[in-house]
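Student: The residues making up each chain are set out below.
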Amino acid sequence: MLPVTFSRVFRMPLYEGIGLTEKQAVVIDIGAAYTKFGFAGESGPRCIIQTEVKCPETKQVKKVLHYSSKEDLYDLLVEFIHNLYFRHLLVSPKDRRVVIVESLLCPTLFRETLAKVLFRHFEVSSVLFVPSHLVSLCTLGVNTAVILDVGYIEAVLIPVFEGVPVLHAWQAQPRAAEAVESSLKALLLSHNNDKEDFPESAIEDIKVRTCFVTSLERALQLETVEPPPDVVYREGGTKIFNIPGKVREAVYEVLFEQDNDQISISTMILDAIIKCPIDMRKPLAENILVMGGTAMAPGFKARLLGELKYLLQQPKYSSRLALKTFKFHKPPAKENYVAWLGGAIFGGTDMISTRSLTKEAYLKHNNVPDWADLSYNCREEDKISL
Amino acid sequence: MAFFLHPNIVRYNCTCGSLKPISRIYFCRHCLKIRCGYCVCHEADSHYCANCLEILPSSEARLKKNRCAACLDCPSCLNTVSTRSTNITVQNPDDPNKTVTRKAYYLACGFCRWTSRDVGLPDQTVASGGWPEREHAHAARISSLLEHYKVLALRERQERERKKFTPRRSYLHFSDKFGLTAVMARKRAGLPPLGGLGIKDEAGSILELTPSVASEEVDSLPAEIYTKPINLAHVATLSQRLAQPEFQTELVSNLFPAHKHLMIKRSQRCRSCEHNVSKPEYNPGSIKFKIQLAAYYYVPEIRVVTCEPLRIGQECQLIIKLCNPTQHQTAIEFLPLPSAEEDLEERHKEIEEKKEKQAEKKNAEKTSQGRDDVSVLLPSLSLSRQLSVSEDPHPATVKLTGEVILPSSSVLLPPRDDAAEYDDAGDTYHFQDNPKVVVWRKANKAAVKMVVVPQDSATETREVLIGFVMKYTYVNTMASLEQKEPQKVDLKVKVFINVGKTVGSCI
Ligand SMILES: Nc1ncnc2c1ncn2[C@@H]1O[C@H](COP(=O)(O)OP(=O)(O)O)[C@@H](O)[C@H]1O
Ligand SMILES: [Mg+2]
Ligand SMILES: [Zn+2]
Ligand SMILES: [Zn+2]
Ligand SMILES: [Zn+2]
Ligand SMILES: [Zn+2]
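Here the protein sequences come in this chain order: D and S. Start counting the first sequence at 1; every next residue gets the next number (my numbering). Start counting the second sequence at 1001; every next residue gets the next number (my numbering).
Because the hints were derived from the structure by calculation, they are not lab data. Careful: at least some of the hints might be erroneous.
Said to hold, decoys possible - For each label pair, taking beta carbons as the anchor points, the in silico distance ranges come out as: (1) Arg1162/S to Glu71/D: 17 to 27 angstroms; (2) Asn1254/S to Tyr310/D: 27 to 37 angstroms; (3) Ser69/D to Val1126/S: 52 to 62 angstroms; (4) Glu71/D to Asn1079/S: 47 to 57 angstroms; (5) Ser1144/S to Lys364/D: 36 to 46 angstroms; (6) His66/D to Val1398/S: 46 to 56 angstroms; (7) Ala1070/S to Tyr310/D: 48 to 58 angstroms; (8) Ile274/D to Ser1144/S: 49 to 59 angstroms; (9) Glu71/D to Glu1482/S: 47 to 57 angstroms; (10) Ile274/D to Arg1160/S: 44 to 54 angstroms; (11) Arg1084/S to His66/D: 42 to 52 angstroms; (12) Glu1356/S to Ser69/D: 28 to 38 angstroms.
Claimed, not checked - Simulated pairs of lysine to any residue, SDA-like, Cα-Cα distance not exceeding 25 angstroms: (13) Lys54/D to Glu1391/S; (14) Lys1065/S to Lys309/D; (15) Lys116/D to Lys1228/S; (16) Lys309/D to Glu1216/S; (17) Lys54/D to Lys1354/S; (18) Lys309/D to Leu321/D; (19) Lys1228/S to Tyr233/D; (20) Lys309/D to Asp1219/S; (21) Lys94/D to Glu1274/S; (22) Lys54/D to Leu1209/S; (23) Lys70/D to Leu1344/S; (24) Lys185/D to Glu1250/S; (25) Lys330/D to Leu1209/S; (26) Lys59/D to Leu1209/S; (27) Lys239/D to Asp1219/S.
Values in this document were obtained by computation on a predicted structure and should not be read as measured data. Glycine included, every Cβ here is placed at the ideal spot set by N, Cα and C.
Using the sequences provided together with the hints, build the complete structure.
Tutor: What follows is the structure, given as structure tokens:
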């Protein structure tokens, strides 16, 4: 068979005009475990997929965040983002705007490599980096809240007051899905002596489908209460094993147990509020937003509220906090894509044209400004405003 | 075939640095350079449904959120569901005493036996369509949030354009150390907060978004969770939930079928000349291409025929087969790999060339302004990017574990002749071959001898990897503005061969 070739190649007609109507921007939230990907201005992500790639040569699955070097990360991101565009969004990345929802703790190496991949490999026209905690407020229409994100690797909290993050009060703890899963694995191994290991996917499946966050009353006497029923788990069709009810109830305790430093997910909220000026405390305590996939576990919020009320009675906090109520927000989204939705709303406005880092600017300076870089964030006009 | 094209046996070095088998690379006939999936620009060409093969124009695909209107996926196993029909008896509307039989349609999955009746979807009276669509519960709220922030963003922009020195408070104000104190001070003084979200509209009209109200109540655990046994078959898995992100249904009994996700045909474009190197036919039923500049059609192919057992430090004979896929005779010559310095020099030369080209392009652009015909001839000019982006080279690291003694003379290969494939009468070509180099030839193919010496470095992986430069003559038949006649050019490509495992114990 000979190839059919044309001596002259014409461009396809462009359905999405050039400059006439702007191409729909895409919004990416690359989580440690799951990536949320979709279009700006839409009400939900088009897909939520695991942040991993299958190496085309070795067929091995590799987590994008388990990169060994800058070059490795570059390749992983190229492969991963290529799939996002051509398998899930079905649009060309070239000359299209991108909104990146990123954690404030995102390492510089990661964001710089990501920008490089987007601009140099995919030739996107602009990138808008938005901090996940801040944009999540766009899903509520409020501008004061304590925002707690419990994702895969860590729980990160930042209070925001009147639209300004109270940076010195931020909290981060490695208490999230990963901790829950390793506790689950350890417990299961101790109850099934004949097993040597459980695949990560099975552990996550067991966690999501059978485990829950128990109430504070029961948690205080876990050893004595009547455990919930056991569950028979079928692994790969034929093998079965038993998941004790005790385990189902106990795995999430790692998030709430106070360690030697007396820190847990619940103390993060109180500790953050204490670090804020007195006038801010009540409004913050009455505007709590909990997001991230782990917060979707049944009973999570009820437990958190129970703990907050309980801790408030303890001497450590009763002497320092004169709070009475805690109130939680209900965003118009599932917890695991709240930050994405915030980015999609923010990116659906004019901000995308006024705040983005354009290709021209990137190529000129060849770097991505950091949040901490005042020259980028505080423009001339702001410095004068005070 | 699968073995010969195995990605790890013979690999070509793409212009971008990647190593790929010949089946995975392109040859841009315009730049005369090798390109690969990594360094070309991919574009979404046409959207289609893999189940019913319907093509959707991209504007329509966008409107339908990349979903096929007709086909549905099983929410349980994510395969396509089919429509089943049964007969049901219903009361005759005209005469309540009589019954009539009617056809009723429901959805059933042939893979996991899920049916639409499981989730309580009423049967349909028509065979296709009509299934109820689930609405996103928060759609209205989200669109009012979006409107609200659009207004705010617009106002911020206008304000900034009106007065250069307007104070501004808003989201991306991140490391603003003084901001917070300022906000607090204003609050204490009873002043309205500045800008940002707290902005009050002087006209007091447009912004009527009700902010979310936090509540002291949260979803509590159902009491029966401590006592009721659970059946895992009734609890949706995470992948079933995430398949419909906006719903993430927890119970299998609430899983609804989803419209099938579309797929795309992609075209590939050379990034430096913007010509297509691959463009599929529009019709999803067709596996043909309008343009397919696969290297396989333009670059001589190398296959390993045999190799003597590889012993470290010993000379072993390697026989490779060369094949000329083009319509023109080619002369193939083997050269040793260039040194690192030579490589660097080459790259500099390339960068210079690129710069020159860009300057040329700019000039051409200037002169072409106002002349429609030129912009049609050179599509890249009319849509030229202000800044051409270049990606850093992407060198693959290769550790050679074998020396190679290359054939001293070049090998001529006649053009490809499809008729000759069936002609056993023998060749009509008479080449004065060096018998030390060419061991066999037929039509456009020839087998060539070379010598491999596995090095000590092969002890570790036991695999012998050699590399050389293949220089081949290529006849460029692309007519360009200044060049109408076919032109003969010499092209080079680095080739790496994994000859095989070493044998015998190492001393
Ligand atoms: N419904 C659910 N119940 C319990 N855990 C869940 C649920 N949905 C997602 N998760 C868990 O949430 C984690 C991912 O949360 P996410 O916020 O997406 O993390 P990240 O953004 O760090 O990738 C995963 O470990 C997943 O198992
Ligand atoms: Mg996250
Ligand atoms: Zn390449
Ligand atoms: Zn279809
Ligand atoms: Zn099914
Ligand atoms: Zn080209």
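Student: If a hint holds in the structure, say so; if it doesn't, say that too.
Tutor: Going through the hints against the structure:
1. Arg1162/S to Glu71/D: 17 to 27 angstroms: Between Arg1162/S and Glu71/D, where Cβ atoms are some 47 angstroms apart, the hint is violated.
2. Asn1254/S to Tyr310/D: 27 to 37 angstroms: holds, 34 angstroms
3. Ser69/D to Val1126/S: 52 to 62 angstroms: Given a distance of about 58 angstroms, which is inside 52 to 62 angstroms, the answer is holds.
4. Glu71/D to Asn1079/S: 47 to 57 angstroms: violated, 39 angstroms
5. Ser1144/S to Lys364/D: 36 to 46 angstroms: holds, 39 angstroms
6. His66/D to Val1398/S: 46 to 56 angstroms: Violated: the Cβ-Cβ distance is about 24 angstroms, outside 46 to 56 angstroms.
7. Ala1070/S to Tyr310/D: 48 to 58 angstroms: holds, 55 angstroms
8. Ile274/D to Ser1144/S: 49 to 59 angstroms: violated, 35 angstroms
9. Glu71/D to Glu1482/S: 47 to 57 angstroms: violated, 40 angstroms
10. Ile274/D to Arg1160/S: 44 to 54 angstroms: About 37 angstroms separates the Cβ atoms of Ile274/D and Arg1160/S, which means 44 to 54 angstroms is violated.
11. Arg1084/S to His66/D: 42 to 52 angstroms: At roughly 46 angstroms between Cβ atoms, His66/D and Arg1084/S fall inside 42 to 52 angstroms, so the hint holds.
12. Glu1356/S to Ser69/D: 28 to 38 angstroms: Because 34 angstroms falls inside the window, the suggested range holds.
13. Lys54/D to Glu1391/S: OK: Lys54/D and Glu1391/S at ~23 angstroms, within 25 angstroms.
14. Lys1065/S to Lys309/D: violated, 45 angstroms
15. Lys116/D to Lys1228/S: Violated, at roughly 53 angstroms.
16. Lys309/D to Glu1216/S: Roughly 11 angstroms between the alpha carbons, so the hint for Lys309/D and Glu1216/S holds.
17. Lys54/D to Lys1354/S: violated, 34 angstroms
18. Lys309/D to Leu321/D: Holds - the C-alpha atoms of Leu321/D and Lys309/D are around 12 angstroms apart, at most 25 angstroms.
19. Lys1228/S to Tyr233/D: Measuring from Cα to Cα gives roughly 16 angstroms; hence the hint holds.
20. Lys309/D to Asp1219/S: Given that 25 angstroms is the threshold and the Cα spacing comes to 16 angstroms, the pair holds.
21. Lys94/D to Glu1274/S: Since the Cα atoms of Lys94/D and Glu1274/S sit roughly 13 angstroms apart, the hinted pair holds (cutoff 25 angstroms).
22. Lys54/D to Leu1209/S: violated, 45 angstroms
23. Lys70/D to Leu1344/S: Holds, at about 22 angstroms.
24. Lys185/D to Glu1250/S: holds, 23 angstroms
25. Lys330/D to Leu1209/S: holds, 16 angstroms
26. Lys59/D to Leu1209/S: violated, 50 angstroms
27. Lys239/D to Asp1219/S: Not satisfied, since the Cα-Cα distance of roughly 35 angstroms exceeds 25 angstroms.
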